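Position chain B relative to chain A; hints supplied.
In the order they appear, the protein sequences are chains A and B.
The first sequence begins at 1 in this note's numbering and counts up one residue at a time.
The second sequence begins at 1 in this note's numbering and counts up one residue at a time.
The reader is advised that the hints may include incorrect statements.
27 Å max Cα-Cα, derived DSS-like pairs, lysine-lysine [said to hold, decoys possible]:
1) 18/A <-> 47/A
2) 89/B <-> 176/B
3) 187/A <-> 18/A
4) 176/B <-> 18/A
5) 47/A <-> 174/B
6) 47/A <-> 176/B
7) 187/A <-> 89/B
These are computed hints drawn from the structure, not numbers from a lab.
Nothing here was measured: the structure is a model prediction, and the numbers come from that model.
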Amino acid sequence: MSDHMTEWLNAYLDGELKGDQFQRLRQHLLECEQCRAELASLENLSKAMHMVPTPQFTPPERFAAQVGLRLAHKPTRATKSRVMEIGWWMIPVGLLVIWVLIGVSSWVADLVIAANSFGLLSGVPAWFIQGSTGAYWANTLAQFGLLSGTGFKWTAVTEGFARQFALHISTAVVYLGWIVVWWTRRKRDAQGQLLEG
Amino acid sequence: MIPDAPEKELVIKAQKGDRNAFSELVCMHSRGVLNIIFRMCGDAQIAEDAAQETFIRAWSHLGSFRTEASLRNWLYRIALNTATDMLRKEKRILPGLVDDLPLVDPNPGPECHFIDGEHTALVQQAIQSLPDASREVLVLREYEGFSYREIADALEIPIGTVMSRLNYARGFLKEKLEGKVALFKEAERV
Numbered sequence: 001m002s003d004h005m006t007e008w009l010n011a012y013l014d015g016e017l018k019g020d021q022f023q024r025l026r027q028h029l030l031e032c033e034q035c036r037a038e039l040a041s042l043e044n045l046s047k048a049m050h051m052v053p054t055p056q057f058t059p060p061e062r063f064a065a066q067v068g069l070r071l072a073h074k075p076t077r078a079t080k081s082r083v084m085e086i087g088w089w090m091i092p093v094g095l096l097v098i099w100v101l102i103g104v105s106s107w108v109a110d111l112v113i114a115a116n117s118f119g120l121l122s123g124v125p126a127w128f129i130q131g132s133t134g135a136y137w138a139n140t141l142a143q144f145g146l147l148s149g150t151g152f153k154w155t156a157v158t159e160g161f162a163r164q165f166a167l168h169i170s171t172a173v174v175y176l177g178w179i180v181v182w183w184t185r186r187k188r189d190a191q192g193q194l195l196e197g
Numbered sequence: 001m002i003p004d005a006p007e008k009e010l011v012i013k014a015q016k017g018d019r020n021a022f023s024e025l026v027c028m029h030s031r032g033v034l035n036i037i038f039r040m041c042g043d044a045q046i047a048e049d050a051a052q053e054t055f056i057r058a059w060s061h062l063g064s065f066r067t068e069a070s071l072r073n074w075l076y077r078i079a080l081n082t083a084t085d086m087l088r089k090e091k092r093i094l095p096g097l098v099d100d101l102p103l104v105d106p107n108p109g110p111e112c113h114f115i116d117g118e119h120t121a122l123v124q125q126a127i128q129s130l131p132d133a134s135r136e137v138l139v140l141r142e143y144e145g146f147s148y149r150e151i152a153d154a155l156e157i158p159i160g161t162v163m164s165r166l167n168y169a170r171g172f173l174k175e176k177l178e179g180k181v182a183l184f185k186e187a188e189r190v
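Chain A with its partners taken away, still in its complex shape (with noise of 0.2 Å):
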């Protein structure tokens, strides 16, 4: 392993060292002639690039008045931006409601079964009570004579808990992948405001 510290010679240079990590250099550039060397020739390229002019550009305002003349009318984005803004936030709004949906629909049909259980759905018709196992696809196969007995039990509960089980993990996928998205452009928010102060 090198003993040279080459590496952070670029961010010494351009003075992005601090605490130890600057004192550390500097105390090794003491000692080191070839970490001097190497830093001089940096410096020296720098002064090299500088060396370089730059041309005579169009003076600001004719060039502002020539892009001017090339501008559409309106910002084309700025309304499209607002409404993407909108609806970006009622995302998770929507997928609230979506999951408070569920929960009661699931709520009121274990009540129905309880009820039904019970026997206090005696006189409700019965479209009403198999609707609300959410159990169509039994049910349609027991129509056809294709399931009975506890075969139909059996699917009929499996059904119903898929169904619950799909719905909950879809919501939950879509709200923690908008949570991603969120958590980055925060993220990237935040650097811009250091940047600022």
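Just chain B, lined up with the frame of chain A:
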């Protein structure tokens, strides 16, 4: 024209379609945008065209700009992308060209000193033979004086990547130019 109006107010007005406010912003940032594009491509005419294109793109996407962010960084990012697109279209980058230039005598006599034009061409060609990603970082650091944090923010890359690209760019230029010893001797005399 709105003299001395704060930049944020000008941006908000421009976002509502105020062309005079945008014109003021163009005046404020045209020099910086022209400079970095010129440093990227080394051609004044391409720089003028690409800078105009930069501000036209900025105008059409101004609605998506968040006023709490830095307008300069946002414009510079558009400028660098525009310059890269335009150079690809123009195909005026000649990588490796600096290799074709003759090596200079390590102990040149008075007749062998570089004249300004040769020096300029040599350095400019070496910069242009850098990969786009390293060239962008180098230009922002050397010519615009951006800090590593500002470069990271403008290009949306981590600070570690800024450092590695800068190390690569300077190492590459040293390797290309150190053979032309007189160049560094010229710099030492400045």
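Pair hint outcome, residue 89/B versus residue 176/B [Cα-Cα no greater than 27 Å]: Holds. Residue 89/B to residue 176/B sits at ~26 Å (cutoff 27 Å).
Restraint status (C-alpha distance of residue 47/A to residue 174/B at most 27 Å): 12 Å, holds
Holds or violated: residue 47/A to residue 176/B, with C-alpha atoms at most 27 Å apart: 16 Å, holds
Residue 187/A paired with residue 18/A [C-alpha distance capped at 27 Å]: At roughly 24 Å apart (the allowed maximum being 27 Å), residue 18/A and residue 187/A satisfy the hint.
Hinted pair residue 18/A and residue 47/A, Cα distance within 27 Å: Roughly 24 Å separates the two Cα atoms, so the pair holds.
Restraint check for residue 187/A with residue 89/B, where alpha carbons must lie at most 27 Å apart: Answer violated: residue 187/A to residue 89/B is near 35 Å, above 27 Å.
Given pair status - residue 18/A, residue 176/B, alpha carbons within 27 Å: 31 Å, violated
Consistency note: the structure conflicts with the earlier hints numbered 4, 7.
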